[in-house]
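Q: Just so you know, the sequences run in chain order G and U. First residue of the first sequence? That's 1 in the working numbering, and the numbers climb one at a time after it. First residue of the second sequence? That's 1 in the working numbering, and the numbers climb one at a time after it.
Careful, some of the hints might be misleading.
BS3-like cross-link-like pairs, simulated, lysine-lysine; straight-line CA separation at most 25 Å [to be verified]:
| no. | chain 1 | residue 1 | chain 2 | residue 2 |
| --- | --- | --- | --- | --- |
| 1 | U | LYS52 | U | LYS14 |
| 2 | G | LYS114 | U | LYS51 |
| 3 | G | LYS47 | U | LYS69 |
Quick list of simulated restraints, FRET-style, between CB atoms [claimed, not checked]:
| no. | chain 1 | residue 1 | chain 2 | residue 2 | range |
| --- | --- | --- | --- | --- | --- |
| 4 | U | THR37 | G | LYS79 | 36 to 42 Å |
| 5 | G | ASN45 | U | TYR106 | 44 to 50 Å |
| 6 | G | LYS31 | U | GLU43 | 19 to 25 Å |
| 7 | G | PRO137 | U | GLU126 | 25 to 31 Å |
| 8 | U | SER153 | G | GLN119 | 17 to 23 Å |
| 9 | G | SER131 | U | GLU38 | 53 to 59 Å |
| 10 | G | SER131 | U | THR37 | 52 to 58 Å |
| 11 | U | ARG86 | G | ARG23 | 43 to 49 Å |
| 12 | G | ALA21 | U | LYS135 | 39 to 45 Å |
| 13 | G | ARG23 | U | LYS10 | 22 to 28 Å |
| 14 | G | GLN119 | U | GLU43 | 36 to 42 Å |
The set of hints was computed from the structure by calculation and includes no laboratory data. For every residue, glycine included, the Cβ atom is placed at its ideal position computed from N, Cα and C.
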Amino acid sequence: MEMDSVDRAVLNVIQTGFPVASRPYAVIGEKTGLTEEEAFSRIQNLKKGGIIRRIGASYDSRGLHFSSTLCSAKVPPEKIEAVVKAINKYHEVTHNYERNHAYNIWFTLIAESKERIQQILDEICGETGISVIRNMPAIKKFKIKVDFKFKDAGSNGNNAEEDE
Amino acid sequence: MNPEITELDKKIMKCLQDDIPRTLTPYKDIAESAGTTEDVVLERINHYKEKKWIRRFGATLRHAKAGFKANGMGIWVVPNEGDRQRIGEEMASFREVSHCYERPSYSDWPFHLFTMVHGESKAECEDVMRRISEKTGLKEYDILYSSKEFKKSSMKYFL
Numbered sequence: 001m002e003m004d005s006v007d008r009a010v011l012n013v014i015q016t017g018f019p020v021a022s023r024p025y026a027v028i029g030e031k032t033g034l035t036e037e038e039a040f041s042r043i044q045n046l047k048k049g050g051i052i053r054r055i056g057a058s059y060d061s062r063g064l065h066f067s068s069t070l071c072s073a074k075v076p077p078e079k080i081e082a083v084v085k086a087i088n089k090y091h092e093v094t095h096n097y098e099r100n101h102a103y104n105i106w107f108t109l110i111a112e113s114k115e116r117i118q119q120i121l122d123e124i125c126g127e128t129g130i131s132v133i134r135n136m137p138a139i140k141k142f143k144i145k146v147d148f149k150f151k152d153a154g155s156n157g158n159n160a161e162e163d164e
Numbered sequence: 001m002n003p004e005i006t007e008l009d010k011k012i013m014k015c016l017q018d019d020i021p022r023t024l025t026p027y028k029d030i031a032e033s034a035g036t037t038e039d040v041v042l043e044r045i046n047h048y049k050e051k052k053w054i055r056r057f058g059a060t061l062r063h064a065k066a067g068f069k070a071n072g073m074g075i076w077v078v079p080n081e082g083d084r085q086r087i088g089e090e091m092a093s094f095r096e097v098s099h100c101y102e103r104p105s106y107s108d109w110p111f112h113l114f115t116m117v118h119g120e121s122k123a124e125c126e127d128v129m130r131r132i133s134e135k136t137g138l139k140e141y142d143i144l145y146s147s148k149e150f151k152k153s154s155m156k157y158f159l
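With the rest of the complex left out, here is chain U:
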């Protein structure tokens, strides 16, 4: 845990990691349960945002009901290490790509870049992959779909 995060911060941050109280004055209610004032809670939340401890503060929507219907994990071989930064940035510029990471490769896993691709259908996801391939010149790639979801949860940083 980041040592700058105080015991009071932990109490406040625990209240924010699930659903904030369903009242007209959620911050006042959080302040009461954390043993502080509403002004302090508001000030601390702004501090967490400035520090980028909070990446996003807002509503999380349910994927299946509100989101795209299909998504796949695109995997790419980028043999030349020096190309990965530029190509990663190019991939990230596609609006259908939600996540783009470089990860370690192995002898039986030759892929370097990962792109989560979203579309209305698998065919649309594959079209996105083709367009990325054309833009980047990468020829060795694949897309893995999930056939079963065993777990999907929000991380509980504060227990």
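This is chain G alone, in the form it adopts within the complex:
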């Protein structure tokens, strides 16, 4: 869908902070020169148009005392389908990609504890016969991007959802 400057202004407001107030769309309207109803219908249209995926909270896994990690595995091409199926069935697996490297399967895991992560990895190995999955939890996090600003028609925004 095509967005105009008002849509972009609305997105800039609600990307970083959706108002925590009894009438949030009235607050968004005040900031962007719209009525409450106009702000509401603009946002519903941005959802229908597929620009906005959702409006809600992104939780901090550490704040909730969850553990997170990035894992990689070397999987022969003929086994990829079965291995991906075994990995993806866990709701704790949030992202899973094939990448151009000997370590070709990359997935992120967020779980209640380190023990649960190890249990999932052991189960995947047992089910698929993969012998090595590299478990690479962050030692240090230097940056978890929140969002990029919308400027004008040419430059688009982007926001990263997960913290792994």
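Starting from the structure of chain G, add chain U where the hints point.
A: Positioned in the frame of chain G, the structure of chain U alone reads:
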């Protein structure tokens, strides 16, 4: 689960982890489904933000439609452990870098720092990698692109 999070918090937080109700009064509707008042819901959400349990509260955009067209996982060898903090911070200062983490290395995986790099094209991502290399003096690096996306979802902390 963080023991400070109460049963009421779990109900409220479950309502916030997907899409909030598409009404003019979403917090009132959340309060009704969680069995509390709108004022309590507003107070609790502010509390979650203060505690940093919520990293960001707002709209999540669809990458492919609203975001940069290309992204790659930059991987860097930083042999001297003492340099990693400073170099990690330098990498994080690039606006094209969305995530920058230090992770464990292995004998067949000699990389220490990871940078998610975004650009309009692969060439632009590679240019960002070159500029990071020039700024940090690191010579051993690579960038891995995803050739297939098998899964991309938001974590459901509250089931």
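Q: Decide, hint by hint, whether the structure agrees.
A: Against the structure, the hints come out as follows:
1. U:LYS52 / U:LYS14: holds (16 Å)
2. G:LYS114 / U:LYS51: holds (22 Å)
3. G:LYS47 / U:LYS69: Holds, at about 20 Å.
4. U:THR37 / G:LYS79: 36 to 42 Å: violated (54 Å)
5. G:ASN45 / U:TYR106: 44 to 50 Å: holds (49 Å)
6. G:LYS31 / U:GLU43: 19 to 25 Å: Since the Cβ atoms of LYS31 of chain G and GLU43 of chain U sit about 23 Å apart, the hinted range of 19 to 25 Å holds.
7. G:PRO137 / U:GLU126: 25 to 31 Å: holds (28 Å)
8. U:SER153 / G:GLN119: 17 to 23 Å: holds (20 Å)
9. G:SER131 / U:GLU38: 53 to 59 Å: holds (54 Å)
10. G:SER131 / U:THR37: 52 to 58 Å: holds (55 Å)
11. U:ARG86 / G:ARG23: 43 to 49 Å: Since the Cβ atoms of ARG86 of chain U and ARG23 of chain G sit about 47 Å apart, the hinted range of 43 to 49 Å holds.
12. G:ALA21 / U:LYS135: 39 to 45 Å: Between ALA21 of chain G and LYS135 of chain U, where Cβ atoms are some 42 Å apart, the hint holds.
13. G:ARG23 / U:LYS10: 22 to 28 Å: This hint holds: roughly 26 Å between Cβ atoms.
14. G:GLN119 / U:GLU43: 36 to 42 Å: holds (37 Å)
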